[in-house]
Amino acid sequence: MRLNDLNIGESKIIKKILDNKLTLRFIEMGVFPGEKVKIINRNNKQNLIVIQITDYLLCIRDKEAKEIEV
Amino acid sequence: MKDKIHVSLIGNPNSGKSSLFNKLTRLNQKTGNFPGVTVEKKLGICEISKLASIKSIEAEFIDLPGTYSLNPRNLNEEICIKHILNNNKKNQINLIVIDSSNIKRGLFFASQIIELNAPSIIALNMIDIAEQEGIEIDSKLLSQQLKTPIIKINARKNIGIGNLKKTIFEIANNKKFKEIKLFSKKTICSDLKFQKTKEVLSSDNNQLCINKITNYRLLKNKSEELKNIIAKINIKKIEAESHILRFKYINELYANCVKIMKNNKILKNTISIDKILIHGVYGYIIFFFILFCLFQAIFQFSAYPMDLIDQFFTKTSMIVKNNMSDNIVSNILSNGILPGLGGVIMFVPQIAILFFILSILEETGYMSRISFLMDKSMRKIGLNGKSIIPLLSGFACSIPAIMSVRNIEDKRRKFITLLIIPLMSCSARLPVYTLIISLVIPAKKIFSIISLQGIVFLFFYLLGLIVSIFIAIIIDKTMKKNENENKYILELPRYKQPDWSSVFINVLQKIKFFIVDVGKVIIFVSILIWMICSYGPEKNNGKTKYFSNNITLENSYAGIIGKKIEPIIKPLGYDWKIGISLITSFAAREVFVSTMATLYNVDNDENATLMQKMKNYKNPETNKIYFTLPVGISILMFYVFALQCMSTLAVMYKETGSWKLPALQFILFLTLAYLFSLISYQLMT
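If you read the sequences in order, they're chains A and B.
So the mapping is simple: our numbering equals the position in the first sequence, first residue as 1, plus 119.
So the mapping is simple: our numbering equals the position in the second sequence, first residue as 1, plus 1008.
One or more of the hints may lead you astray.
Here are the simulated DSSO-like pairs of lysine-lysine, each with C-alpha atoms no more than 30 Å apart in a straight line [as the list claims (entries may be wrong)]:
| id | chain 1 | residue 1 | chain 2 | residue 2 |
| --- | --- | --- | --- | --- |
| 1 | B | Lys1245 | B | Lys1012 |
| 2 | B | Lys1256 | A | Lys134 |
| 3 | B | Lys1623 | A | Lys157 |
| 4 | B | Lys1623 | A | Lys135 |
| 5 | A | Lys135 | B | Lys1571 |
| 6 | A | Lys157 | B | Lys1572 |
| 7 | B | Lys1012 | A | Lys155 |
| 8 | B | Lys1453 | A | Lys157 |
| 9 | B | Lys1270 | A | Lys134 |
| 10 | B | Lys1245 | A | Lys131 |
| 11 | B | Lys1201 | B | Lys1183 |
| 12 | B | Lys1572 | B | Lys1623 |
| 13 | B | Lys1388 | A | Lys155 |
| 14 | B | Lys1276 | A | Lys164 |
| 15 | A | Lys134 | A | Lys185 |
| 16 | A | Lys157 | B | Lys1228 |
| 17 | B | Lys1452 | B | Lys1621 |
To spell it out: a stretch of chain B is covered by chain A in this simulated footprint if at least three of its residues, at any positions, have a beta carbon under 8 Å from a beta carbon of chain A; those stretches are [unchecked claim]:
| id | segment |
| --- | --- |
| 18 | 1435-1443 |
| 19 | 1596-1608 |
Not close to chain A: a few residues of chain B, all C-beta gaps over 10 Å, as computed [stated by the list, open to error]:
| id | residue |
| --- | --- |
| 20 | Ser1077 |
| 21 | Phe1202 |
| 22 | Asn1259 |
| 23 | Asn1548 |
Hints in this document: simulated from the structure, not taken from any laboratory.
Here a beta-carbon is modelled for each residue, glycine too, at the ideal position from N, C-alpha and C.
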């Protein structure tokens, strides 16, 4: 399952980051395999998803959420 | 002699770095830009001593832009990393600021900095919020593990600042610095090619070498040898490996030193507030309401103080004129320097209001939500979500608008935003629009409610906006794209009360920057304009006096230039009187009106207003009414586009650090103005 398939309120453990180019960025922001991630909000007009990682909120695009396997 | 130490404040965005910086340095600050880029550079001085002992040292703090790691993703981060990696100054200390309620990610970056070649101190900021959130940090254990002093602080409430200063003092006096290795990076460091780079860089510091390799393009001292080795190394692999190892190390550290007791209360509140503030419908309504208030505030609230400032300077120059003997000194003072100074201070209310509101939006965390709401729509036209604020402010005045571009992190979008700001119809165009529209457009009503003049007004406002969007799209399509820009990860910080002392210091610093740095250029140019308007050649008994002030505006150097350019502006339908006004209104667009008043001798004839005089003015060649619809529209077209404002050029020069962009804008917009006026005039006659 990919992160962008989840509904608002659902949470899962991150399994893998598929796109190698994104790995670095994600790690720096705390998005790392083994971490719990929760979908908080989405804005379909802007193709954006708000996620919660440990204790803070990040906003990423659908495109990037697709690269996160949960 | 005192030793001076240099302390760099480093940390994630929203870690409270600037609050701490403000608390440490108060008003002993100097803000400007990093050379060549519109990224804010803040320096501040603080005297540091140990318990009021005899010897105190001077510490210079630099507030670096917020960064998430040593791999830059935007201009702000690049500036920060460039500063850290190229720092060879003696007595250097890295002060790492971490948001305690967000400690894991903060530690990741901190661990990268600790391993570099300067002593570090960690300040665990916002310790009160962490406590409220039920986060317990064993700072002693953490300090041991990281081999770095850790101080718990609350910058907003001034808690722990004394302790922090004491630690800085101790480290500054401890001359020995030993490199710190936090965890072994065997896999990477055993790589033979990597060992070679260490030789070339003559450093035994693994972390420093990794960072110098991966950020090679940011280094000041580059060498061919290093470049050749780097070309053979798989940098991406090294980076990824070191990142994964580091993250595992931090995870362990976090598990040992941090306990979470309760659930996140403040975070939950933030999530509930966000349900409305970034909602697909309500979010936009609220955002546009905030924009409306912001615009009203800079447009309306600043009108009264600006009026007062204007009156004050006009009266003062009258007093000087009346009480001093008529010589060159009193002339320069009353006609050149004082009006110039007034012209600078005039912008202060708008700058103060805009930055007061912007600082609050930034401090509360709402600014990131604006990016969230607007980013995709603005991106389509080559701009950034945050560009909407400078662009909207541009409708009031370009000066504060240009200064507010600093908080856009992305280089190309920053450039495009800066470029198109002057096309927003600012309030200085209003008097020109009003005069010309009421002159050539009849005060008719369509369907007996909509004013025709109002529609024309709106048309010219929109024209600038639409053309600017076209320019933005064209430049976006032609400029080279950077691969990093397509990765979009944005943090939405927790909502917070603004730190009022930080807000006020911010506003004061902006005003200071404008008056001190930009003001100089504006005063210089306004004196120059005054000189060409009040001096001219005078022929007397066969002799020519080149600097006679016994002349009218028509015969001054400005008048001569205005007449000389008549052939160029004739196809636009302009005569030399408009030519002179175009030149004088370079000081500020509204000067067009007063110049016209002077040229039409309004002062001498109290029975006629400028409007009537212009209306009745007949073309001496054809003896027909001069200000016809085509002429009026042509003038309006010119004022929509031409960058007739030296203050805008001056602030653009100071913000970008060179005359390149202002020169480009001046020429580009002048060309546009000329073409639009030419086409409209020729089509209509």
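**Report entry** Enumerated hints in conflict with the structure, sorted upward
**Finding:** Violated hints (numbers, rising): 1, 3, 4, 5, 6, 7, 8, 11, 13, 16, 18, 19, 20, 22; every other hint is consistent with the structure.
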